[in-house]
Amino acid sequence: MNEKPTRRDVLGHAVRGAALMGMGGVAAYVSRRAGPEGAWRIDVERCVNSRHGAVGVAVCDKCATTCVLPLSAVRAVNDHAKCGRCYICPAYFEITSAIDERGLPSQKLCPRDAIRRTPIGEVDPRDPANNYYEYTIDEKLCNGCGKCVMGCKEPAGLSSIRLEVRYDLCVRCNRCAIAVACPDEAYERRPVQT
Amino acid sequence: MTRGLSMPGGRSLLVVLLACAAPALGQYDYHRPVEAAPSEEDIGGGYVTPAVQRPPPRAQWREAADVAVLAAALSLGAWLVLKRRSRNGLVALTIGCLAYFGFYRQGCVCPIGAIQNVTVALVDPHYAVSYFVVAIFFLPLLFAVLFGRAFCGGVCPLGAIQELVVLRPLQVPRRVDKGLGWLRWVYLALAIWFAALPAVSRDFVICRFDPFVGFFRFAGPLHMHLIGGGLLVLGLFVGRPYCRYVCPYGALLSLLSRISWRAVSVTPDKELDCGLCAEGCPYGAIEGLRAVRSSCVSCARCFDYCPRHRVHSPERSAASKVS
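First to last, the protein sequences are chains A and B. Just so we're aligned, residue 1 is where the first sequence starts under the working numbering, counting upward by one. Just so we're aligned, residue 1 is where the second sequence starts under the working numbering, counting upward by one.
Read the hints as simulated data drawn from the structure, not as lab findings. Mixed in with the good hints, there may be bad ones.
Unchecked claim - If you only want the chain A side, here are some residues facing chain B, beta carbon under 10 Å, derived: (1) Gly-24; (2) Glu-134; (3) Pro-183; (4) Arg-190.
Keep in mind the model is a prediction, meaning the values are calculated, not measured. Backbone N, C-alpha and C define an ideal beta-carbon position, used for all residues, glycine too.
Work out the full structure, taking the sequences as your base and the hints as a guide.
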């Protein structure tokens, strides 16, 4: 066994050392702006479904149709603090549909029937309109198609519904299919805000 | 409880609705019944506004755990191949990593795709890359400099799925093998080019044409399944076609493994010159009874074919004593 390192050994160490230092340098340069986490988020100010002023335009359902998951990782979220709890909710009902015998629009807006409408407290059967209703979105059914978001937007509603990426569902693809398809560049990778 | 306070509207809304001709009624002719959200006091009856349902993001410790699992798997892989020389151990590691990085983590983030994130972070001053991604990108490269392609052999889920389908590998003629190997560099250059484009036209081609991520998720576009299925069928007869001829990260790893500190040596002490290892290697990585560092993917198959290994390996001799 030769204890003394050969020229080949020394050269090898030098090359390896140089490679490691080079990699370390690139890693440090890349990490200079690195955050702890980069998750996909929807900017509600840019998304056409929730952007104020964008009324009378078609609903964008790219979140529902382009996600790589079988059921998109995007969900509609009703911010209860902003919700008007209306008797006839423009996000729950298809308000242009015919009025049925109860005096309510006969069709629902959600194609997957993912919104639940529950009266708050007792309802006077003679005056059901004079009551508050709570609207909750069923996470298991919603696919983030955005119809209710558009339906609830001012001035029709109070804009209490928005689209959100569910962090527990999103697999955080490098190349997010929704971000590619999003016509408003509202879908961005940003540090998570908790 | 809810009645009597400010509720200006259900009735008048109905009047509006009924007064308008139904087909012409757009939703913006509709007048919303309330101007502001009712407060908890308005609603009364001890009503509490429900919190917005918001699942927490994946905890940072779990992100860190991914990096730790990657580092542990790389170390274990390197140890199994270089020290234990155990094919069985490596197959177990491969299956474990396929389950974890493939099916549990659904193939994301992987170092192969991270090439693009790192490229964008290098060229775009507004792009922030997560430091977990940086770690996941550089760890296998670091291991390649030290121990060869431990990532390819035991850890990469894309490699694992191909490793497990190798049925009857054909030896690809060496010139063809070398020639096709250049495709990886072409793909790497294309991936970097598309990732380095300005943000509007940027494209992550490696992820778009990832062959197996569709299988890991049991979903995905048709072209992914077609490419993946085709590669797996090809992989029955040509060992690891994606790794050897397509994978851009494999190109980087094979370059770095040339200078690796430790590497697979088929027969470290006495060799028999029988050449069984070279025949057994499905990846054409044994030339002149020596493992070629750049093409050896650290799969440990050669040890299994070696008659000397069968005699001397601890696990083999234990098995032979029993039988």
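Results of checking the hints against the structure:
no. : hint    : in the structure
1   : Gly-24  : 8 Å, holds
2   : Glu-134 : 7 Å, holds
3   : Pro-183 : 12 Å, violated
4   : Arg-190 : 8 Å, holds
Checked against the numbered hints given earlier, this structure breaks only hint 3.
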